[in-house]
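Engineer: Here's the letter readout for the chains.
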Amino acid sequence: MPGKGVAIAERDLALPPLTHEDTDRSTDRARVNQARQQGRRWYLLWLLVGPGILAMLGENDGPSMISYATTGATYGLGFFLPFIVFSFAMAIVCQEMCMRVGAVTHRGYGQLVLERFGPIWGWFGAGDLILTNVVTLIAEFVAIRVGLAYFHLGSGVAAALGLVLVTFTALNGGRYWRWERIALGLALFNGLFLVAAIMVKPHWGSVGHSLVTLAPFPGGSFNTLLLLVASTIGATVTPWMIFFQQSASADKGLTPRDIKQGRYDTVAGAALAAIFGCGALIAGAALATHNGSSIQGLAGAGFPGALKSVSGGATATVFALGLIEAGAVAILTISASTAYAVGECVGVTHSFNSTPRRAVLFYASNIAAALIAAGIILIPGAPLLSIALNANVLATVLLPMALIFLIMLANDRDLMGEWTNKPSTNKIAIAIVAFISICGAAYGIDSFLQAAHLIPAG
Amino acid sequence: MAETHDTNPGTTEPKLRGKERANEELVMFLEPDQLVAHTSVPVPRAPLSERARTGLWALRVFVILVSIMVIYTFASQLK
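Line order of the protein sequences matches chains A and B.
According to the working numbering, the residues represented by the first sequence are 32 to 489, in order.
According to the working numbering, the residues represented by the second sequence are 3 to 81, in order.
Calculated from the structure, these hints are not laboratory results.
Please note: incorrect hints may appear among the correct ones.
As the list claims (entries may be wrong) - Coverage of chain B stretches by chain A, computed from C-beta distances (three or more under 8 Å per stretch; other residues unrestricted):
hint: 1; segment: 27 to 38
hint: 2; segment: 43 to 50
hint: 3; segment: 53 to 63
hint: 4; segment: 68 to 74
C-beta atoms are modelled at their ideal positions from N, C-alpha and C, and glycine is treated no differently.
Let the sequences and hints guide you as you build the complete structure.
Structural biologist: Okay, structure coming up:
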């Protein structure tokens, strides 16, 4: 097997027993092979895109979009607009590594960490993921609830909607391709935030000025600034994205020949997510001169209700539908990443190409993650607002550990052969880990000292 | 881990053999190391130097400490 490392070289020449997963994946690969042979480049790209766009648009989730809108409403256009673009540039570096490792090794992140570095590190990683995923899933249900509240619908409908969606897409007949296309179809509605941005009629000259100059730089308390920086990073690069894109790339059946298209998929996803994320911030910025900073974005109808008074009912409806979509897609992808991690670490079948009967734990953890989160939002008086605000920060704090193992895997010559990281990629990746660690630690320490009354608040 | 197709030689053998052959032809589109039978075999453990192990544990402790701080702050916000 040219180009691959010795750890995953061919072992047996005899054809081993085939599984349902093998035959389904080979059906998809047959189409890829045919498209490549016929030189149908766009069709080939259509067949191979998916994990990258889903990881990026899945991360443009409910709390992220509310966080962007809150930033816009608080500070207007300025530093955070280009910072969103910068964060997604960081995400491209990280996610490209996931895709490459998945395509070369055909194994998920959790499985590789566990097998290559031992069960302690594997289970630490899975534990981090399950913790942040459950917290984030709660925030997704909250975002759906905020969107639905605009249409006078309550928490029960939000919980039921999310659970029906996860169950329906997961139990659709044991086919990765179908699951991916349903999720992709829904994810494209993330563009509603761009529509909302256009509808608030922003001053496009100011938008361009902010993107180029990073100005005006936000004032106010240092801690709030750290919180927004940490949560913006947590809104663009997270542990679940690492687990998801590597596992989905392997599940989809990507090979080293598909890495070029995998890179297009990742960059396209990041570009779309950055544009739509900026859209949410621009829509939120319409409220900056209308007491926007006082809006409790996760309480009641929050932003959609506030936008209605400034830009009309149509803008508010688009924004509310966007929140429902953002939460719904993230519930699908985050639940899937939980299922992949559990299946990989326990060592049982972990593929959407397996039928539910044959991958009970995989499908059960997929649905259970959503079920726990849905149950929590139905608890009267649960601190949903605080949970949602802290979800992204917790993801940022736990991210460096996941990234370090990803960099180690991407540099593992025994696994990756000629596909290991280039020195320039390593330098950028290490700089990203250092930057994220410093931002997470700065917020964590500063907030802790304030909460413990060891330094004055502010 | 690998769940195989049901094959029961002796009953509907020709039909099953045809199905198996079709699957085998189809499976040629997969790389050999893509098969579940291959990916379910663990890759060998990577040798980690003492320095690397120390670095990983240091980062782990750092991450846990900062996480505790974030969770403490979250809990204090609830009061």
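Engineer: Decide, hint by hint, whether the structure agrees.
Structural biologist: These are the hints, each one checked on the structure:
Evaluation of the coverage hint for the segment 27 to 38 of chain B: fulfilled, as 11 residues show C-beta separations to chain A shorter than 8 Å, against a requirement of three. Proximity of the segment 43 to 50 of chain B to chain A, defined as three or more residues with a beta carbon under 8 Å from a beta carbon of that chain, is established by the 7 residues found. Counting residues of the segment 53 to 63 of chain B whose CB lies closer than 8 Å to any CB of chain A gives 3, which reaches the minimum of 3, so the coverage claim holds. For the segment 68 to 74 of chain B, the stated coverage by chain A holds: 6 residues have a C-beta nearer than 8 Å to a C-beta of that chain, and at least 3 were required.
The structure agrees with every numbered hint stated previously.
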